[in-house]
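Trainee: Take a look at the letters that make up each chain.
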Amino acid sequence: MRLRLFNEAPNFDFFKRWKIWLGISALMMVVAFASFLIQGLNYGIDFRGGTTIRSESPLAVDIAEYRGAIDALELGDISITEVFDPSFRDDQNVAMIRIQAQDGQEAVTTDVIDAIEGALKEVRPNIKFTSVESVGPKVSGELIQTAVIAVALAIGAVLIYIWLRFEWQFAAGAVLALVHDVILTIGIFSELQIRFDLAIIAALLTIVGYSLNDTVVVFDRVRENLRKYKKRDLKEVLNLSINETMARTFMTSFTTLIALIALFVLGGDVIRGFVFAMIWGVIVGTYSSIFVASAILLYLGVKRDWSKPDANAGNQYANIDA
Amino acid sequence: MLQIDLWKRILIALTCALGIWLALPNAFYAPVEQHNDAVAEIELSGSTAELEAQKALWPEWMPSSLVNLGLDLRGGAHLLAEVKVEDVYANRMEAQWPEVRDALRSLTPVRRQQSPADELRVRLNDETKMAEAMEIVRANARPVQTLTGAGATDIDVRGEDGVIIITLSEAEKQATNERTMQQSLEIIRRRIDEVGTREPTIQRQGADRILIQVPGIGSAAELKAIIGTTAQLSFNPVVSRGSDGNANPGIGNKVIPSVDEPGAFYVVESAPVVTGDQLVDAQPAYDSNGRPAVNFRFDTSGARKFGDYTAANIGAPFAIVLDDEVISAPTIQSHIPGGSGIITGNFTLEESTNLAILLRAGALPAGLDFLEERTVGPELGQDSIDAGKVATVVAFVAVLFFMFVSYGLFGVFANIALMINVAMIFGLLSLVGATLTLPGIAGIVLTVGMAVDANVLIFERIREELKTAKGPARAISLGYEKALSAIIDANITTLITAVILFAIGSGPVRGFAITLGFGIITSVFTAIFVTRLMVVIWFERARPKTIEV
Numbered sequence: 001m002r003l004r005l006f007n008e009a010p011n012f013d014f015f016k017r018w019k020i021w022l023g024i025s026a027l028m029m030v031v032a033f034a035s036f037l038i039q040g041l042n043y044g045i046d047f048r049g050g051t052t053i054r055s056e057s058p059l060a061v062d063i064a065e066y067r068g069a070i071d072a073l074e075l076g077d078i079s080i081t082e083v084f085d086p087s088f089r090d091d092q093n094v095a096m097i098r099i100q101a102q103d104g105q106e107a108v109t110t111d112v113i114d115a116i117e118g119a120l121k122e123v124r125p126n127i128k129f130t131s132v133e134s135v136g137p138k139v140s141g142e143l144i145q146t147a148v149i150a151v152a153l154a155i156g157a158v159l160i161y162i163w164l165r166f167e168w169q170f171a172a173g174a175v176l177a178l179v180h181d182v183i184l185t186i187g188i189f190s191e192l193q194i195r196f197d198l199a200i201i202a203a204l205l206t207i208v209g210y211s212l213n214d215t216v217v218v219f220d221r222v223r224e225n226l227r228k229y230k231k232r233d234l235k236e237v238l239n240l241s242i243n244e245t246m247a248r249t250f251m252t253s254f255t256t257l258i259a260l261i262a263l264f265v266l267g268g269d270v271i272r273g274f275v276f277a278m279i280w281g282v283i284v285g286t287y288s289s290i291f292v293a294s295a296i297l298l299y300l301g302v303k304r305d306w307s308k309p310d311a312n313a314g315n316q317y318a319n320i321d322a
Numbered sequence: 001m002l003q004i005d006l007w008k009r010i011l012i013a014l015t016c017a018l019g020i021w022l023a024l025p026n027a028f029y030a031p032v033e034q035h036n037d038a039v040a041e042i043e044l045s046g047s048t049a050e051l052e053a054q055k056a057l058w059p060e061w062m063p064s065s066l067v068n069l070g071l072d073l074r075g076g077a078h079l080l081a082e083v084k085v086e087d088v089y090a091n092r093m094e095a096q097w098p099e100v101r102d103a104l105r106s107l108t109p110v111r112r113q114q115s116p117a118d119e120l121r122v123r124l125n126d127e128t129k130m131a132e133a134m135e136i137v138r139a140n141a142r143p144v145q146t147l148t149g150a151g152a153t154d155i156d157v158r159g160e161d162g163v164i165i166i167t168l169s170e171a172e173k174q175a176t177n178e179r180t181m182q183q184s185l186e187i188i189r190r191r192i193d194e195v196g197t198r199e200p201t202i203q204r205q206g207a208d209r210i211l212i213q214v215p216g217i218g219s220a221a222e223l224k225a226i227i228g229t230t231a232q233l234s235f236n237p238v239v240s241r242g243s244d245g246n247a248n249p250g251i252g253n254k255v256i257p258s259v260d261e262p263g264a265f266y267v268v269e270s271a272p273v274v275t276g277d278q279l280v281d282a283q284p285a286y287d288s289n290g291r292p293a294v295n296f297r298f299d300t301s302g303a304r305k306f307g308d309y310t311a312a313n314i315g316a317p318f319a320i321v322l323d324d325e326v327i328s329a330p331t332i333q334s335h336i337p338g339g340s341g342i343i344t345g346n347f348t349l350e351e352s353t354n355l356a357i358l359l360r361a362g363a364l365p366a367g368l369d370f371l372e373e374r375t376v377g378p379e380l381g382q383d384s385i386d387a388g389k390v391a392t393v394v395a396f397v398a399v400l401f402f403m404f405v406s407y408g409l410f411g412v413f414a415n416i417a418l419m420i421n422v423a424m425i426f427g428l429l430s431l432v433g434a435t436l437t438l439p440g441i442a443g444i445v446l447t448v449g450m451a452v453d454a455n456v457l458i459f460e461r462i463r464e465e466l467k468t469a470k471g472p473a474r475a476i477s478l479g480y481e482k483a484l485s486a487i488i489d490a491n492i493t494t495l496i497t498a499v500i501l502f503a504i505g506s507g508p509v510r511g512f513a514i515t516l517g518f519g520i521i522t523s524v525f526t527a528i529f530v531t532r533l534m535v536v537i538w539f540e541r542a543r544p545k546t547i548e549v
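From first to last, the protein sequence lines are chains A and B.
For the first sequence, the residue numbers in the working numbering are 1 to 322.
For the second sequence, the residue numbers in the working numbering are 1 to 549.
If we strip away everything but chain A, and leave its shape as in the complex, we get:
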């Protein structure tokens, strides 16, 4: 006996209200983008410069007391948060202190860090500083730039690859789905104010890769079925293809999700934001390959005449798996 989600290939009608789904997706993108514009991301020091200090003390963290000690130094905007994690020992009380980049300073100054460490040692004599990171404004500006370039390049490269392997409508569908995923991920980071740093960019690109993986598997089946059922309506073929790949979609999403959830719960607080982005990306990516990528494909239509070579179908990869 096997564990099976579907004994028979399922037969859901995904495109009964496809325009509504497309509308909902568009609306969510607008909401996410608005949140990004209004509230903004909670940028980590990688992107806006400054210093974070991670402190660990056997005594409980008292944020007011910490703040009192540091405020005396007049360093501008400071945030202090206590960090909780199931993997911490009883005598492990962790707080993160973040200081904005000091005005008019291109580089990192040791004095500021020394001053803060000194001030905290007054309050908690046996406090330890397990990590100290400082990024100067010069570098953080460049990091934003490279991050944006990385995401744009990845999406561009994918657009070209799918265009070569499929048709432009497929490429458009896949890329819009990617943009959807990226915007929704940025949206949730803005909405929940989770710290957005360099590692999240890596997560974003992985989401791009994962979501695409999913979309390509569906599209591959669509291409196959379009050749097989030359007379059937595009909507029917799309529906059939999604239903046929449904079992695989669930299996893969599920195995990936359990691996990620294990990491989310047990992997420690340092990479939790990163793993959260990936979990969110797997969910959104699975959704978007059906309700965005395929729906866009339906909206744009596909040229059905695969037999005659012409400008669109005539590339070298088009018939590779026939």
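Calculated directly from the structure, the hints in this document are not laboratory data.
Source: prediction; values computed, not measured.
Just so you know, not all the hints are guaranteed correct.
[Unchecked claim] Dumping the calculated SDA-like pairs for lysine to any residue here, alpha-carbon to alpha-carbon at most 20 Å:
1. B:K470 to B:K482
2. A:K121 to B:G377
3. B:K224 to A:T110
4. A:K128 to A:V83
5. B:K84 to A:E142
6. B:K389 to A:G273
7. B:K173 to B:G206
8. A:K138 to B:L211
9. A:K228 to B:K482
10. B:K545 to B:L409
11. A:K230 to B:K482
12. B:K389 to A:D269
13. B:K224 to A:A115
14. B:K467 to A:Y229
15. B:K305 to B:T275
16. B:K389 to A:L266
17. B:K254 to B:A264
18. B:K254 to B:F265
19. A:K128 to B:A221
20. A:K128 to A:R89
21. B:K224 to A:T130
22. B:K389 to A:P86
23. B:K84 to A:T110
24. B:K467 to A:N11
25. A:K138 to B:V85
26. B:K470 to A:E244
27. A:K228 to B:K467
28. B:K389 to A:L257
29. B:K389 to A:F276
30. B:K467 to B:L409
31. B:K224 to A:D114
32. A:K138 to B:G206
33. A:K128 to A:I63
34. A:K228 to B:E464
35. B:K470 to B:V536
36. B:K482 to A:E244
37. B:K389 to A:R89
38. A:K121 to A:L59
Here the structure of chain A is known, so what remains is to put chain B in place on it, guided by the hints.
Mentor: Only chain B this time, still in chain A's reference frame:
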């Protein structure tokens, strides 16, 4: 259809075995690391019984490359420094002045004028000799020593109202920058080696930046104390002593503060008598009062200059200047021949030891600005490793279980392939000497989740093909065939993003890209070759009439 040539079978099996073989040292991390350290130490400074014992911890014939642990896992410090290459221009101009003065001496008296640091302005007393003077200065120029700057000379000379203005030419600036960077890298490397930490990374990044990563060091501040100091030592004649930092020092002189006496400033001649370049040795020592000090010794030419100067200036003060601060300004008591001496000041023992290291390793040609610094304590690194291990094991077991209950025997095949897959990732990482970072662990966990995808695609396809009742052999063969295009397309797109991440990212992100990229390659390999081989071998032996996937 279900046939695989014998040579292909052997090749597949060998590839798997090689991957596991290369990954093996990582399972015994601590002894292998000690073995490697011992081997390096023996190579460097000869063998001892203790080192031989450590070396014997791991057999010689086994591979000994390990996956490096990134700073976020091992703890250590990371610095990104920008070299202020323009600093050197000013020194070059300073050195030009005596040359120009001497060259023009026979023609007309000249005076030096105030100018920006990267220019030298010389006024001629006799303005009518401008053309001749420029000719002489130009003749002094040297050809630039680079391939690209062939034919160019090192200085540009122009005239303006009786003033000759000398600047470094563009080609010379380029060449100077290049030299400055090379020297800085070399000096930083030497200083870090003097401290003796293991496996530091010192890399040039872009035109004028240097990335320094030192595992195991307590804090970035400690690292900065070693490499952040320029340590330009010079001995300059003292003109006067005062308390005004903004006093006009007069041309050719400069005002610099004292380290130990707050509010005190010295006016010294800009051109030093001797500089730290001419030191051959420096050692921490104690002065006659038992306070920490630094002993030094000059090379022959430095010793001669120092000897001549002290002989000629008995009774006059001279300043020991380190990075534009006066450490001390003793009065010359007697002629000091032999070229050795002692630097005294208000040092702690640690400061004098550090200063000796810095003087021995040599001065940085230019100052450094630190653009980025990150320190991770070893405790946090260890916590991350522990958490990462637990999470990886749990994720692994969950996926194995889930694959088994979903696909039965075929699930077992996929699971064996998955284990080979993870071993091969580690094998590849060790082979290229890649660095495993915390996001890299996440990359492996993600690979564990996604690696089954290719197998799932194939198994689901076999299930579908079975429904059309073509017999198990045909279904399996069709399953592999038809799933292939989806597998290739899906993984190439992910590989594209991994490559982009690798090309653009740095540090931990790059570590993630490497594990993700390797994970994709190994998971495609294991899915389309390894599980297939297992399925085929099983099928040949069992010859089942029906199969359940």
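Trainee: For every hint, state whether the structure bears it out.
Mentor: Outcome of the hint check:
1. B:K470 to B:K482: Roughly 15 Å separates the two Cα atoms, so the pair holds.
2. A:K121 to B:G377: Holds, at about 17 Å.
3. B:K224 to A:T110: holds, 9 Å
4. A:K128 to A:V83: holds, 15 Å
5. B:K84 to A:E142: holds, 19 Å
6. B:K389 to A:G273: holds, 18 Å
7. B:K173 to B:G206: holds, 16 Å
8. A:K138 to B:L211: Cα-Cα ~15 Å, so holds.
9. A:K228 to B:K482: holds, 13 Å
10. B:K545 to B:L409: Within the cut-off at roughly 15 Å; holds.
11. A:K230 to B:K482: holds, 19 Å
12. B:K389 to A:D269: Status holds; Cα separation ~14 Å.
13. B:K224 to A:A115: holds, 16 Å
14. B:K467 to A:Y229: It holds: about 18 Å lies between the C-alpha atoms, which stays within 20 Å.
15. B:K305 to B:T275: holds, 10 Å
16. B:K389 to A:L266: Roughly 9 Å between the alpha carbons, so the hint for B:K389 and A:L266 holds.
17. B:K254 to B:A264: The given pair, whose Cα atoms are some 14 Å apart, holds under the 20 Å limit.
18. B:K254 to B:F265: Between B:K254 and B:F265 the Cα gap is close to 10 Å, so the pair holds against 20 Å.
19. A:K128 to B:A221: Since the Cα atoms of A:K128 and B:A221 sit roughly 15 Å apart, the hinted pair holds (cutoff 20 Å).
20. A:K128 to A:R89: Since the Cα atoms of A:K128 and A:R89 sit roughly 15 Å apart, the hinted pair holds (cutoff 20 Å).
21. B:K224 to A:T130: This hinted pair holds, its Cα atoms lying about 18 Å apart.
22. B:K389 to A:P86: Status holds; Cα separation ~15 Å.
23. B:K84 to A:T110: Cα-Cα ~18 Å, so holds.
24. B:K467 to A:N11: Given pair B:K467, A:N11 holds - Cα atoms ~16 Å apart, limit 20 Å.
25. A:K138 to B:V85: holds, 17 Å
26. B:K470 to A:E244: The given pair, whose Cα atoms are some 19 Å apart, holds under the 20 Å limit.
27. A:K228 to B:K467: Roughly 17 Å between the alpha carbons, so the hint for A:K228 and B:K467 holds.
28. B:K389 to A:L257: Holds - the C-alpha atoms of A:L257 and B:K389 are around 18 Å apart, at most 20 Å.
29. B:K389 to A:F276: Distance of about 18 Å is within 20 Å: holds.
30. B:K467 to B:L409: Holds, at about 19 Å.
31. B:K224 to A:D114: holds, 13 Å
32. A:K138 to B:G206: With a Cα-Cα distance of about 14 Å, the restraint between A:K138 and B:G206 holds, given a limit of 20 Å.
33. A:K128 to A:I63: Satisfied, since the Cα-Cα distance of roughly 16 Å is no more than 20 Å.
34. A:K228 to B:E464: holds, 15 Å
35. B:K470 to B:V536: holds, 17 Å
36. B:K482 to A:E244: holds, 13 Å
37. B:K389 to A:R89: Measuring from Cα to Cα gives roughly 17 Å; hence the hint holds.
38. A:K121 to A:L59: holds, 12 Å
Of the numbered hints listed earlier, not one is contradicted by the structure.
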